[in-house]
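*Asks:* One letter stands for each residue in the lines below.
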Amino acid sequence: MLKYILKRLLLVFVVVLGVTVVTFSAMHLAPGDPAEMIAVARYGEDLTQEEIEWVRATEGLDAPVYIQYLGWLEHVLRLDLGKSLITYEDVLGEILTRIPATLVLAISSLILSLLIALPAGIISAIRKNTIVDNACMTGALLGVSMPNFWLGLLLIWLFALSLGLLPSFGYGSIKHLILPTITLGPSMSAITTRPTRSSMLDVLNQDYIVTAKAKGLDERTILLKHALKNAMLPVITFVGLQLGFLLGGAVIVETIFAWPGIGRLLVDSIYARDFALIQGCVLFIAVIFALANLAVDVLYAYLDPRIRYEKK
Amino acid sequence: MNETWIALKELGENRMAAVGIVIIVFLVFVAFFAPFFSPHDPLEQNLEKRLLASNGEYPFGTDELGRCIFSRVMYGTRISLEIGVVVVGITALIGTILGVISGYYGGIVDEIIMRAVDVVLAFPGIILALVIAGLLGPGLFNVILALAVTHWPAYTRLVRGMTLSVKEKEFVEAARALRASNFYIMRRHILPNCINPVIVLATLGIAHTIIFAAALSFLGLGIQPPTPEWGSMLKAGIPYLRTAPFLTFFPGIMIMITVLAFNFLGDGLRDTLDPRAKEMIMMKK
Numbered sequence: 003m004l005k006y007i008l009k010r011l012l013l014v015f016v017v018v019l020g021v022t023v024v025t026f027s028a029m030h031l032a033p034g035d036p037a038e039m040i041a042v043a044r045y046g047e048d049l050t051q052e053e054i055e056w057v058r059a060t061e062g063l064d065a066p067v068y069i070q071y072l073g074w075l076e077h078v079l080r081l082d083l084g085k086s087l088i089t090y091e092d093v094l095g096e097i098l099t100r101i102p103a104t105l106v107l108a109i110s111s112l113i114l115s116l117l118i119a120l121p122a123g124i125i126s127a128i129r130k131n132t133i134v135d136n137a138c139m140t141g142a143l144l145g146v147s148m149p150n151f152w153l154g155l156l157l158i159w160l161f162a163l164s165l166g167l168l169p170s171f172g173y174g175s176i177k178h179l180i181l182p183t184i185t186l187g188p189s190m191s192a193i194t195t196r197p198t199r200s201s202m203l204d205v206l207n208q209d210y211i212v213t214a215k216a217k218g219l220d221e222r223t224i225l226l227k228h229a230l231k232n233a234m235l236p237v238i239t240f241v242g243l244q245l246g247f248l249l250g251g252a253v254i255v256e257t258i259f260a261w262p263g264i265g266r267l268l269v270d271s272i273y274a275r276d277f278a279l280i281q282g283c284v285l286f287i288a289v290i291f292a293l294a295n296l297a298v299d300v301l302y303a304y305l306d307p308r309i310r311y312e313k314k
Numbered sequence: 361m362n363e364t365w366i367a368l369k370e371l372g373e374n375r376m377a378a379v380g381i382v383i384i385v386f387l388v389f390v391a392f393f394a395p396f397f398s399p400h401d402p403l404e405q406n407l408e409k410r411l412l413a414s415n416g417e418y419p420f421g422t423d424e425l426g427r428c429i430f431s432r433v434m435y436g437t438r439i440s441l442e443i444g445v446v447v448v449g450i451t452a453l454i455g456t457i458l459g460v461i462s463g464y465y466g467g468i469v470d471e472i473i474m475r476a477v478d479v480v481l482a483f484p485g486i487i488l489a490l491v492i493a494g495l496l497g498p499g500l501f502n503v504i505l506a507l508a509v510t511h512w513p514a515y516t517r518l519v520r521g522m523t524l525s526v527k528e529k530e531f532v533e534a535a536r537a538l539r540a541s542n543f544y545i546m547r548r549h550i551l552p553n554c555i556n557p558v559i560v561l562a563t564l565g566i567a568h569t570i571i572f573a574a575a576l577s578f579l580g581l582g583i584q585p586p587t588p589e590w591g592s593m594l595k596a597g598i599p600y601l602r603t604a605p606f607l608t609f610f611p612g613i614m615i616m617i618t619v620l621a622f623n624f625l626g627d628g629l630r631d632t633l634d635p636r637a638k639e640m641i642m643m644k645k
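Chains as they are written, first to last, in this note's numbering: chain P, 3 to 314; chain X, 361 to 645.
Derived by calculation from the structure, the hints in this document are not laboratory data. There could be a bad hint or two in this list.
What the hints assert, rightly or not - To give an idea of the chain X side of the interface with chain P (calculated C-beta under 10 angstroms), a few residues: (1) Gly-466; (2) Gly-497; (3) Pro-605; (4) Phe-609.
Cβ atoms here follow ideal geometry from the backbone N, Cα and C, with glycine treated the same way.
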């Protein structure tokens, strides 16, 4: 098991390195002179060529790209993500202050999505090919097809502007959390509903369930005690996949609701073309995503003895 | 030919897929004939008629610059379908070729291709697309590039897996015994056996791509105004959400219908083309 985790960690390292290379190349393929853009962002439009050259020299933008990349990498290994090119704030510090907001939104959305997806998936499996099943599956397709940026706007229009029940943007109270959660949660649940259903169907067709039925156990006991536990195992891997969806959705939802999380930080830094901040956010999200997926796989192996023994 | 016909007939009997096809045909029709049926020029401004609600002259009302929302929504069909089809066309082709090569040859080639796949998949797709499109700057080409970079690994992974199992089959061995070239085996024996799942994935991929492209434009990093595009129309409608919510209703509905149609069709195709699903239906009968 330990060997497996170490191997995966090595892979995480390789993959994260690859992601940073991709973004670094995109930055330098970008049109326009980065030194000039940073200078404009800092000091406004009225610039002389000397001022631009000064920015280029102080930010090390005159070195070849690979030197810049290696320099950045060397700092990263010392846990120094550099400073924002525009506000001079420490990038790592900036990211760390944004974590709680994204975490709160992520957890509440995940909980809401599971509260919808698990019952919907289980009921569809039990009542296979009935109206209930069809309704749940069509609902899931609708959920996948609903653009969450549009759903967010509709919710703001209905609950904040028309009914005046909830704040349309901001961060701080439970009330602020409701609309972003409803924007993100249900569309996430749409992804998990189908795997939950098929996993439950698989289990319900197993011999031991037939045996339990033959013994005359009532349906409730069979479902709760025998079927559910095994059916939920594969669903865990989908929760890992959802995390990617969650991070992607957070970028959009945080932008709509002015939610001060990492997603919004990334979008704002893209708008400002603050390369140091973009690179920092990308690195951070890649590491979090990779580690979380690793954690899900390890948890899965731990919970499922069949996999645990195979790995040995 | 006969087989194709049976598959098409089955597809028509699948209610969801049929609905999907009807909507898609309708959207393609709208996209092609937008210049003939749109009541106004989508770019024509009329500042005296700003933010009008739906009326006889403007079926969906007018936007913040007095442009006809109905005409803009119609023209928006073009760019969304174009992005969806182009991105999926490019990525399905490249991804499939890489997948066959990766699975067929194995070894170091496989290792390099699969690590590249890992790198792209290590990142939530929309975020990578966002960063690339954001850095390269807005515009149609950059949107397509950003979405293509994030989309190809799905095909590579799928096709590689199928190639691995197909290349062990007897007919491949027989072909090799007849001294068929690697290229011939890949083209005639391996590719045809991978094509069905690729078609399913590509149909669902168009749905994904259209949503992602609209999201990029919504964030101001994709297609720019004044081009009529659903995502950027939504963005432009935000300041008027209270006074003129119809600015955001119609483009959103169009995105949803389009994406839903491709998801319906993709789902139906999966049921018809996936032999495992078909076997299960036959067993039931």
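*Asks:* The structure should be examined with respect to each hint, and the outcome stated for every one.
*Replies:* Hints, one by one, checked against the model:
{"no.": "1", "hint": "Gly-466", "in the structure": "violated (19 angstroms)"}
{"no.": "2", "hint": "Gly-497", "in the structure": "holds (6 angstroms)"}
{"no.": "3", "hint": "Pro-605", "in the structure": "holds (5 angstroms)"}
{"no.": "4", "hint": "Phe-609", "in the structure": "holds (8 angstroms)"}
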